[in-house]
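So the sequence lines, in the order shown, correspond to chains A and B. For the first sequence, counting from 1, position 115 maps to 115 in our numbering; every step adds exactly one. For the second sequence, counting from 1, position 156 maps to 156 in our numbering; every step adds exactly one.
It is possible that part of the hints are untrue.
[To be verified] Interface residues of chain B toward chain A, partial, derived using beta-carbon atoms under 10 Å:
#1 S130
#2 S166
#3 F167
#4 T181
#5 I186
#6 M187
#7 V221
Calculated directly from the structure, the hints in this document are not laboratory data. Using N, Cα and C, we set each Cβ at its ideal position, and we do this for glycine too.
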Amino acid sequence: MDNQQNNVWIDRQEYERLKALETRPQPAPVVIGNGSGAIAPTQSSDVQPKSSVSVLTILTGVFAVISFIFPPAILVFLGLGITSLVKYFRGRASGKTKVGVGLALGIGVTLLLIVAGPFLLLFAFIIMWQIGCWTGLGSCTTA
Amino acid sequence: MLGLIGFLTLAVVIGIYISTCYTNYTLVPLREKRLFVSAYGLLGLSALVWATTFIVGEQAVPGLVFASDVLLVVATGCMLGIVFDVARPRIFAPLVLAGAGLLTIRAFVIPSAAYVADGLLLFNLSQTESLVIGLVFLIAWLPATIKVVYIALGSSRLAPFRNLVSFLFMSVILMTGFFLTARRPIMIVISFGSIILLFATLAGVNVALKRIEKAQKKQKVQHG
Numbered sequence: 001m002d003n004q005q006n007n008v009w010i011d012r013q014e015y016e017r018l019k020a021l022e023t024r025p026q027p028a029p030v031v032i033g034n035g036s037g038a039i040a041p042t043q044s045s046d047v048q049p050k051s052s053v054s055v056l057t058i059l060t061g062v063f064a065v066i067s068f069i070f071p072p073a074i075l076v077f078l079g080l081g082i083t084s085l086v087k088y089f090r091g092r093a094s095g096k097t098k099v100g101v102g103l104a105l106g107i108g109v110t111l112l113l114i115v116a117g118p119f120l121l122l123f124a125f126i127i128m129w130q131i132g133c134w135t136g137l138g139s140c141t142t143a
Numbered sequence: 001m002l003g004l005i006g007f008l009t010l011a012v013v014i015g016i017y018i019s020t021c022y023t024n025y026t027l028v029p030l031r032e033k034r035l036f037v038s039a040y041g042l043l044g045l046s047a048l049v050w051a052t053t054f055i056v057g058e059q060a061v062p063g064l065v066f067a068s069d070v071l072l073v074v075a076t077g078c079m080l081g082i083v084f085d086v087a088r089p090r091i092f093a094p095l096v097l098a099g100a101g102l103l104t105i106r107a108f109v110i111p112s113a114a115y116v117a118d119g120l121l122l123f124n125l126s127q128t129e130s131l132v133i134g135l136v137f138l139i140a141w142l143p144a145t146i147k148v149v150y151i152a153l154g155s156s157r158l159a160p161f162r163n164l165v166s167f168l169f170m171s172v173i174l175m176t177g178f179f180l181t182a183r184r185p186i187m188i189v190i191s192f193g194s195i196i197l198l199f200a201t202l203a204g205v206n207v208a209l210k211r212i213e214k215a216q217k218k219q220k221v222q223h224g
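The whole structure should be built from the sequences, with the hints applied where relevant.
The structure is reproduced here in structure tokens:
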């Protein structure tokens, strides 16, 4: 029987697929805390039911704080940023286009590195300066 | 002169950024959105106060920096309002005490030693002051910003952007921390330039995300 009370014949495989869809637990409604309690839950197909912070974001946050205390850790922070970028592009690409996206990303990053090269060298210089200052191998005299 | 133009540019860029936040963060509850926009608005206002240090005499610089400290403490309060339920007296009272305590220490125990040199504003913070700023970022600005980003990009269409936008925000906070605690002119210039660039990028991202969502919604409607 379909939803309009008509007899509809479907094969066993399709029946099992639909049954599985029916029995799958419904996603919990999103409740957003607003300080003075919580606003009414909104259930929409556009809104994702789960909004937990990803491990990558937590790691990036941790390294942002570590970078503030120990500046050379900014390299790891930047690495995590690049990982987020690559993860995003790879996530968007389908199986067939993954190689193409990888290639395009590689070319894009290379071009960007060529343009940003001098600035990165300056940045690397500052990092090395900081490392030298922290380890005592270099000088920290410049005010 | 360069510093004055820089701070004015920063204030304008932050202004553009918060207006894009207010119009595009439709999923964020009004209270959180107002607090978030107020916090970054106060940061923009601080940039304006820092800009005036280049116009007034040298003696007024520490006083103006203290005024910006007051603004930043209020901004931190706004950020804490996003993370905690500050309406509760048990949370509100210690927060007010902590804020008043910090400002009292800043005014009478460790007064600002900021000065202007070579067209740059140097905050000249001690290691303890830098650590306090780091702690404030860790407890208030970082979690509040991530919370707002995760709510703002809550729709399934925008969820893939969460990590990227969070990274941009963390970079802004980190660079602001570097800028406030920098002692070398080159660090001041680089961190300041990065802050302006990152805020401009975030404003662009806000507009782009809204367009992406609209385009995808339209596509979905067309496909039935």
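For each hint, the structure was consulted:
no.: 1; hint: S130; in the structure: holds, 8 Å
no.: 2; hint: S166; in the structure: holds, 5 Å
no.: 3; hint: F167; in the structure: holds, 4 Å
no.: 4; hint: T181; in the structure: holds, 8 Å
no.: 5; hint: I186; in the structure: holds, 7 Å
no.: 6; hint: M187; in the structure: holds, 7 Å
no.: 7; hint: V221; in the structure: violated, 12 Å
Taken one by one, the earlier hints fail for this structure only at number 7.
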